[in-house]
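Enquirer: Each chain, letter by letter, is given below.
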Amino acid sequence: MMYRFLTHEELASLVAELVASGTRVIAPVRAKDDASQIDYLPIRKLEDAAFGVRLPRRSLKEFFLPPTEVLLYYKQTKDGVEIREVPTEAPPQVILGATSCDVAALEVVDKVMGWGYRDELWFGRREATTIVTLLCSMMDSTCFCTAVGLGPDSARASDLYLVPVEGGYLAQVLTPKGEALLEGRGAAASEALQASAEAARSEARKKVEVNLPTIPAEFSGWLSQNFDNPFWKTLALRCHGCGACAALCPTCHCFDMVDEHDSAESGARRRNWDSCQTSKFTVHSSGHNPRQSQSERFRQRMQHKFSIYPSRFGEILCTGCGRCSRICPGGMDLPEVLGKLLALAGNKPEGSAQ
Amino acid sequence: MKELQELARKLLNEGTVKVVIGYEEGPRGVRAAFITDPTQSEKLVFDKRCVQNLVAYLNPRRKHLIQLGKAAIVVKGCDARSVAGLIREKQIERGNVVVIAMRCGGVLENPANESELTCETVSVRCANCDVREPKLYDYILGVLPPEPPVNPARAEQIAALKLMTSAERWQFWTEQLSRCIRCHACREACPMCFCVQCTADKTQPQWIDPSSTPRANRAWQTMRTLHQAGRCVDCLECERACPEHIPLGLLARYVADAVEQRFAYKSCDDPSVPAPLGVYRTDDDEEFIR
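Taken in order, these protein sequences are the chains called S and D. Here the first sequence stands for residues 965 to 1318, numbered as in our numbering. Here the second sequence stands for residues 63 to 352, numbered as in our numbering.
For the record, the hints were derived by calculation from the structure and aren't laboratory data. Fair warning: there could be bad hints in the mix.
[Claimed, not checked] Straight-line alpha carbon distances no greater than 25 Å define the calculated SDA-like cross-link-like pairs of lysine to any residue that follow:
1. LYS996/S to GLN238/D
2. LYS1244/S to PRO276/D
3. LYS125/D to GLN1256/S
[Unchecked claim] Non-contacting residues of chain S with respect to chain D, defined by C-beta distances greater than 12 Å in every case (computed):
4. GLU974
5. ARG1021
6. PRO1030
7. GLY1148
8. LYS1197
9. VAL1222
Being a predicted model, the structure only gives us computed values, none of them experimental. Glycine is no exception: its CB is placed at the ideal position from the N, C-alpha and C atoms.
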């Protein structure tokens, strides 16, 4: 793999130039309300960023699929209804120092966003964004990115991939967008330095690999064959159905659309994040709900991520970031549940999940 | 701990209950346990990490738990007030739940924390606790530990809010609630949110816009807070569930203080004491009607 050595100063000047030219640069920074936490937020200079502290509280999802967004405005006139659509081109933005799990999620979700109907708002933002991923050093016992075919060293969906080294970063250029971003910055890295970057990436992988074994391809089929297995009744007893997991999930992408009036004649059609963990998600207008209890809703979450999505798009709808387990007020734990299911499927012992 | 495990085993063995809802060691700290097999009773633990209010699991909306049958539940004194709340509001019958109360010396803010109880680590809800030994129980276990240290954070936030002008408070809450994504996790995790259909979910008419806009967020949280007035037990499950880390407990606490001032009522573990907004009295103070 070829790397270029980028000094800290070169990266700082790159950020400064981007900001000066009006490009939004988003990076992990100390949360405004809690200095021990990290959020992805726009920065003005490289020093604003806080790399390597801990996984940001929320993923990158909101920069591509905001919790609420307007799809169109409508107005009733004498001659009918006037529709004003929103622009689908987005201003250029750069994401700097994101983790592999958050970046890869975007490409995973691309599949459904381009399935049949192309979601122009999503792809408008995707195309306007250049993504610089940073080797993750923040893994804990909740992370399992390596189990879902990724890893802290994964450059998937990245335009540039950075490995921190003394005095700066080794940059792996992955796309023309990444090349354009660097604008010739960085010198060829020595072979020894390149080898150290490769070693750091493989070390990082090992730290996550101990948490959960790789989920085998057969797991998807096994899950769909076990849709009616009684074990689903006991897996989610402590689940409140609050959906905080889905809100923080980098790959949960379901949304609901509503028309909201701002006057008697006009209003907006908006789409809002939704979650299959709430009862309202499936309730029919008759009042009947095919998913009667949390057992069925949790089964849906697992089936969609690890069976339905893989069988339709060839990949797991989860990047192993572990945010669902960290936020859960009831102590539901996805690596633990996966460990149990893998044990039932006869793939790996249950104990290896913990 | 042994005492608790033995009691759970006995209740399950003699068939008094079908499930004991308590705490167990989880992959990330202590969490809820649902013991249906008496031989599994030794999983039960109780210590300073048991911050979660388990009473939400008695809420009648939880059909997957109701199917398990009659429950015994492990509560701290503060949580016993939620049991009283559900009985008071006819959501559960007193005879249909076995309350196992634990004498409590305070809990940590974070159930995965292993540190000692200090002013910083102790839950803000433990400050000035007067229910460390509850009155509502079938069994009460343990020896009363010493009082926990006081985390002054919440009292300081309340004091700061009270010093603000109403315009400043409006600004403060507008900023906080601008983060709300209307996922309603606060509602789902709340032991006292048991409406079959929440007004926020009604679509004909749509009382509150479902989108996350300043107007709708304010309407949603105002409605929820006012509906909780005199009912909220300050367990902070809403705040623990909020993926946007909005200090929802602060909002509830502010209203609880107003209720206490106006109606001389504090949430308590006696289900026979009516909640102020759940009772009609001709001598109610009406000076606010002008």
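Enquirer: Is it the case that GLU974/S keeps its Cβ farther than 12 Å from each residue Cβ in chain D?
Expert: Since the minimum Cβ distance to chain D is about 35 Å, GLU974/S lies beyond 12 Å and the statement holds.
Enquirer: Could you check that no beta carbon of chain D comes within 12 Å of the beta carbon of PRO1030/S?
Expert: violated, 9 Å
Enquirer: Under the criterion that the straight-line Cα-Cα distance not exceed 25 Å, is the pair LYS996/S, GLN238/D satisfied?
Expert: Answer holds: LYS996/S to GLN238/D is near 11 Å, not above 25 Å.
Enquirer: Please verify that the nearest CB of chain D lies beyond 12 Å from LYS1197/S's CB.
Expert: violated, 7 Å
Enquirer: Compare the distance between the alpha carbons of LYS125/D and GLN1256/S with 25 Å, and conclude whether the hinted pair is satisfied.
Expert: holds, 8 Å
Enquirer: Given the hinted pair LYS1244/S and PRO276/D, is their alpha-carbon gap at most 25 Å?
Expert: holds, 23 Å
Enquirer: Once the closest CB in chain D is found, is it more than 12 Å from GLY1148/S?
Expert: holds, 40 Å
Enquirer: Would you check whether the claim that VAL1222/S is not at the interface survives, using Cβ distances to chain D and the 12 Å cut-off?
Expert: VAL1222/S not clear of chain D: closest Cβ-Cβ about 5 Å, inside 12 Å.
Enquirer: Is it the case that ARG1021/S keeps its Cβ farther than 12 Å from each residue Cβ in chain D?
Expert: Contrary to the label, ARG1021/S does not stay out of reach of chain D, its closest Cβ about 7 Å off (not over 12 Å).
Consistency with the previously given hints fails for numbers 5, 6, 8 and 9, ordered from lowest to highest.
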